[in-house]
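Student: Read off the chains here:
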Amino acid sequence: MNNSDFSLQPRIPSIMVTDEEIDFRQYLSATELSVIEHEVSIMETREAAGIEALKIVQKYRGWISDDSLIAIAQCLQMSSAQLEGVATFYNLIYRQKVGHYVIHLCDSISCHLTGYDEILKVIQTYLGIGYGQTTPDGEFTLLSNVCLGSCDKSPAMMINGQHYHSLTNESVVSILNGLSKNAGDIV
Amino acid sequence: MTSKNWLAQALSQALTKPLTHLVNLDQPLDFEGYVQAGGYIGATKALTQLTPKEVLAIVSDSGLKGRGGAGFPTGMKWSCVPALQEQSNQAQPSYLICNGDEMEPGTFKDRYLLEGVPQQLIEAMIIASYTISADKAFLFLRGEYQLAATRLQQAIDQAYENNWLGKNIQGTNYQLDLYLHTSAGRYICGEETALINALEGKRAIPRAKPPFPQVSGLFGKPTVVNNVETLSNLPHILKHGSQWFKDLSPHSDPGTKMYSACGQVKNPGVWELPMGVTIRELLYDYAGGMKEGVKLKGLLPGGASTDFLVEQHLDTPMDFDSIAKAGSRLGTGGLIVLDDKHCPVAMVLNLLRFFAQESCGWCTPCRDGTPWAVEILTRIEQGKGSLADMAQLADLCDFMWLGKTHCALAPGAVEPLKSAMRYFKDDFEQHIELGCCPYQSNSNEQQQESQGVQPELAKRVTAGVNQGGENDE
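Those sequence lines, one after another, are chains A and B.
For reference, each letter of the first sequence is one residue, going 1 to 187 in the numbering used here.
For reference, each letter of the second sequence is one residue, going 1 to 473 in the numbering used here.
Hints should not be assumed to be uniformly reliable.
Unchecked claim - Negatives, chain B to chain A, calculated, CB over 10 Å:
| hint | residue |
| --- | --- |
| 1 | Ser12 |
| 2 | Gln49 |
| 3 | Phe108 |
| 4 | Glu200 |
| 5 | Lys202 |
| 6 | Lys239 |
| 7 | Ser242 |
| 8 | Ala408 |
| 9 | Pro411 |
| 10 | Pro438 |
Claimed, not checked - Taking lysine-lysine pairs in the DSSO-like style, the calculated list, with each CA pair at most 30 Å apart, reads:
| hint | chain 1 | residue 1 | chain 2 | residue 2 |
| --- | --- | --- | --- | --- |
| 11 | B | Lys295 | A | Lys121 |
| 12 | A | Lys153 | B | Lys17 |
| 13 | B | Lys291 | A | Lys153 |
| 14 | A | Lys55 | B | Lys221 |
| 15 | A | Lys181 | A | Lys97 |
| 16 | B | Lys202 | B | Lys221 |
| 17 | B | Lys325 | B | Lys246 |
| 18 | A | Lys55 | B | Lys202 |
| 19 | B | Lys341 | A | Lys121 |
| 20 | B | Lys325 | B | Lys295 |
| 21 | B | Lys291 | B | Lys17 |
| 22 | B | Lys246 | A | Lys121 |
| 23 | B | Lys209 | B | Lys53 |
| 24 | B | Lys221 | B | Lys295 |
| 25 | B | Lys384 | B | Lys209 |
| 26 | B | Lys239 | B | Lys17 |
| 27 | B | Lys404 | B | Lys221 |
| 28 | A | Lys121 | B | Lys221 |
| 29 | B | Lys341 | B | Lys291 |
| 30 | B | Lys295 | B | Lys425 |
| 31 | B | Lys17 | B | Lys325 |
| 32 | B | Lys404 | B | Lys425 |
| 33 | A | Lys153 | B | Lys341 |
| 34 | B | Lys291 | B | Lys266 |
| 35 | B | Lys325 | B | Lys384 |
| 36 | A | Lys153 | B | Lys202 |
| 37 | A | Lys59 | A | Lys153 |
| 38 | A | Lys97 | B | Lys202 |
| 39 | B | Lys266 | A | Lys121 |
| 40 | B | Lys325 | B | Lys341 |
No wet-lab data here; the hints were simulated from the structure.
Glycine included, every Cβ here is placed at the ideal spot set by N, Cα and C.
Next comes chain A alone, as it looks inside the complex (with noise of 0.2 Å):
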């Protein structure tokens, strides 16, 4: 398994973009702009939109790339630095490209109880990943996710924002194969 030496290793740009090279003007969609404007007209300033500024763009690509992240810090005029204090921060944004379909397997206490280290075996084994990582097709990432507040039908998964629950290793498996028979399919 490729463990954590990498990952732990301080992120460093793998592209050195300087914010000048963006302008968010095109790098956005209208319809990204147009999104992040109306939180911006919630909020009191500009940078209190920046979480959900985040999961816009991640909406659209699935991920925050560099590019991106600069592009939302211009875009609510705030430094890229504390965009990226604030993207790490959260589970739920992803600083890499992730697959397809995002397997968030319930790691928390009663999925414990109940057998998630089962489940978490067979979709190791089913699709040859161990946590953070993408299968090669890149259909698949496979992330621990905290409690789903599923804890009365667990264990319990989130793939895509899609609860399944009372898992069983037969249920996995034929989750994962009907997802896999649609691979290719925009999500």
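Given chain A's structure and the hints, the job is docking chain B onto it.
Tutor: Quick look at chain B alone, frame taken from chain A:
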């Protein structure tokens, strides 16, 4: 469409199960259905017949306490807002925030209300906003609750269409805008000042108090943050009066409470019951008792950040005072039940991993203490621990206790750890003596792997975890 039978059945419980009698998880009531079922009577009364101070008096008199975990009296919290203290009606506008960031492990009570009866929460937020003179309200919902988000946004839109939000609500001078904000995911957002920072687009790090949010909160304005369940009581208190609310419970804490149970029980679920039901009743009458073939080992009475209780505490009423006297906290009222076949050390390790990952990193005792505890617990669970480790853990519990940390997260982590070391001391020592975990199940949980997609998460998770590869259980 909802059938008449369903509605008749629901309404028959209106006075005994105010919060949940209208819950319909398959198809929640829309605005019209909700009004037909008696919705918005409380809000109408508040906005058209009562002044904010009169609403405050009713809520204070009802004795409603916050249901988010701390149990702080709601009326007292509101009364600190300047608008409710000064004689002038021209006080600075304030904000209401509904805390729907339900991320406490083992807690799923708010989800039931959010998905099952979204209109009720909107009405409740209107009443609370009116009371504290807020013209803007935010519903802060955790990002993973997407079904709830869809349903709540529909409820908000319908409230706007029916003049319950916007300008001149129901012909009064009162105006209110209500926005749904879904979180990007972090446990600490549930702490009210951290939540305010998150709404301001910042890292969700708790703020120093004072100033309290009621004086200086969101964007420096007076702000009240209330839990979903707390707010959901308001329409009913306004409708039926504070005395009715007090009479709901035979115990000192008034009202009903959303109780839940999960873990090794036959029938996990969530139930609205009079405040003060005993742990035994909840565990055996509602949750169906322990699963076949296992016995009760211990339980957390109110989510992950509460102290373990054991067999001897089963007859304790689940109200704030009684649970506190038994040495734990009512917290969210969600039982997490451990049986005798699962390893208590592994359970505590799972809990501490959660707290280590979700620590915001601001203060040293929490940032360094929680991963350190994870490291030691991992060692003990793998059978590589020593008695010196036990002493070190006890010291850590002291370093991370109240008064030494910036907020309540680390003390919340200490509660299950310290109580487990007390009640399950033999289990800890057996791990050390045998050099392995004496339990079969769940002790072979895999190491948390790297989280390349969320680099900061990776650092948090891996920093405290022994990197020694496969668990040799």
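Student: Now tell me, hint by hint, if it's right for this structure.
Tutor: Against the structure, the hints:
For B:Ser12, the shortest C-beta to C-beta distance to chain A comes to about 25 Å, beyond the 10 Å cut-off, and the non-interface label holds. B:Gln49, annotated as away from the interface, keeps every beta carbon of chain A farther than 10 Å; the closest lies near 31 Å. The Cβ of B:Phe108 sits about 4 Å from the closest Cβ of chain A, inside the 10 Å cut-off, so the non-interface label is violated. Interface exclusion of B:Glu200 from chain A breaks down, the closest Cβ pair being 5 Å apart, not more than 10 Å.
At roughly 7 Å, the least C-beta separation between B:Lys202 and chain A is not larger than 10 Å, which violates its mark as non-interface. A cut-off of 10 Å between C-beta atoms confirms that B:Lys239 is not in contact with chain A; the least separation is 29 Å. Every beta carbon of chain A lies more than 10 Å from that of B:Ser242, the smallest distance being close to 31 Å; the non-interface claim holds. At roughly 17 Å, the least C-beta separation between B:Ala408 and chain A is larger than 10 Å, which holds for a residue marked as non-interface.
At the 10 Å boundary, the C-beta of B:Pro411 stays outside the reach of chain A, the nearest C-beta of that chain being 18 Å off. Distance to chain A confirms B:Pro438 as a non-interface residue, since its nearest Cβ pair spans about 17 Å, more than 10 Å. Distance restraint check for B:Lys295 and A:Lys121: the Cα-Cα separation of roughly 27 Å lies within the 30 Å cut-off, and the hinted pair is therefore satisfied. About 23 Å separates the Cα atoms of A:Lys153 and B:Lys17, which keeps this hinted pair within 30 Å; it holds.
Using a Cα cut-off of 30 Å, the hinted pair B:Lys291 and A:Lys153 holds, with the two alpha carbons roughly 14 Å apart. Pair hint A:Lys55 plus B:Lys221 holds up; C-alpha atoms about 26 Å apart against a cutoff of 30 Å. Between A:Lys181 and A:Lys97 the alpha-carbon distance is near 22 Å, which keeps this suggested pair within the 30 Å criterion. Note on B:Lys202 and B:Lys221: the hinted pairing holds, with a Cα-Cα distance of about 17 Å set against a maximum of 30 Å.
Simply put, B:Lys325 and B:Lys246 have alpha-carbon atoms about 22 Å apart, close enough for the 30 Å limit, and the pair holds. Pair hint A:Lys55 plus B:Lys202 holds up; C-alpha atoms about 14 Å apart against a cutoff of 30 Å. Under the criterion of a C-alpha separation no larger than 30 Å, the hint pairing B:Lys341 with A:Lys121 is consistent with the structure, at around 21 Å. Taking the CA atoms of B:Lys325 and B:Lys295, the gap is about 25 Å. The hint holds against a cut of 30 Å.
The suggested pairing of B:Lys291 with B:Lys17 holds, with an alpha-carbon distance near 28 Å, which does not exceed 30 Å. Between B:Lys246 and A:Lys121 the CA atoms are separated by roughly 50 Å; this puts the pair beyond 30 Å, and the hint is violated. The straight-line distance between the Cα atoms of B:Lys209 and B:Lys53 is roughly 25 Å, inside the 30 Å bound, and the hint therefore holds. At roughly 52 Å between alpha-carbon atoms, B:Lys221 and B:Lys295 are farther apart than 30 Å, so this suggested pair is violated.
With a C-alpha separation of about 42 Å, the suggested pair B:Lys384 and B:Lys209 falls outside the 30 Å cut-off, and the hint is violated. For the hint pairing B:Lys239 with B:Lys17, the CA-to-CA distance comes to about 14 Å; that is within 30 Å, so the pair holds. Note on B:Lys404 and B:Lys221: the hinted pairing holds, with a Cα-Cα distance of about 28 Å set against a maximum of 30 Å. Between A:Lys121 and B:Lys221 the CA atoms are separated by roughly 49 Å; this puts the pair beyond 30 Å, and the hint is violated.
The straight-line distance between the Cα atoms of B:Lys341 and B:Lys291 is roughly 11 Å, inside the 30 Å bound, and the hint therefore holds. For the proposed pair B:Lys295 and B:Lys425, the alpha carbon gap of about 18 Å is at most 30 Å, so the pair holds. For the hint pairing B:Lys17 with B:Lys325, the CA-to-CA distance comes to about 27 Å; that is within 30 Å, so the pair holds. With a C-alpha separation of about 25 Å, the suggested pair B:Lys404 and B:Lys425 falls inside the 30 Å cut-off, and the hint holds.
At most 30 Å may separate the alpha-carbon atoms for a hinted pair to count; A:Lys153 and B:Lys341 meet this at roughly 20 Å. Distance check on the hinted pair: B:Lys291 and B:Lys266 sit about 5 Å apart at the alpha-carbon level, within 30 Å; holds. For a cut-off of 30 Å, the pair hint linking B:Lys325 to B:Lys384 is broken: about 36 Å separates their Cα positions. Between the alpha carbons of A:Lys153 and B:Lys202 the distance comes to roughly 34 Å, so the proposed pair goes past 30 Å and is violated.
Distance restraint check for A:Lys59 and A:Lys153: the Cα-Cα separation of roughly 28 Å lies within the 30 Å cut-off, and the hinted pair is therefore satisfied. Proposed proximity of A:Lys97 and B:Lys202 is supported: the alpha carbons are some 23 Å apart, at most 30 Å. Straight-line distance between C-alpha atoms of B:Lys266 and A:Lys121 comes to about 25 Å, which keeps the hinted pair within the 30 Å bound. At roughly 29 Å between alpha-carbon atoms, B:Lys325 and B:Lys341 fall within 30 Å of each other, so this suggested pair holds.
Taken one by one, the earlier hints fail for this structure at numbers 3, 4, 5, 22, 24, 25, 28, 35, 36, listed in ascending order.
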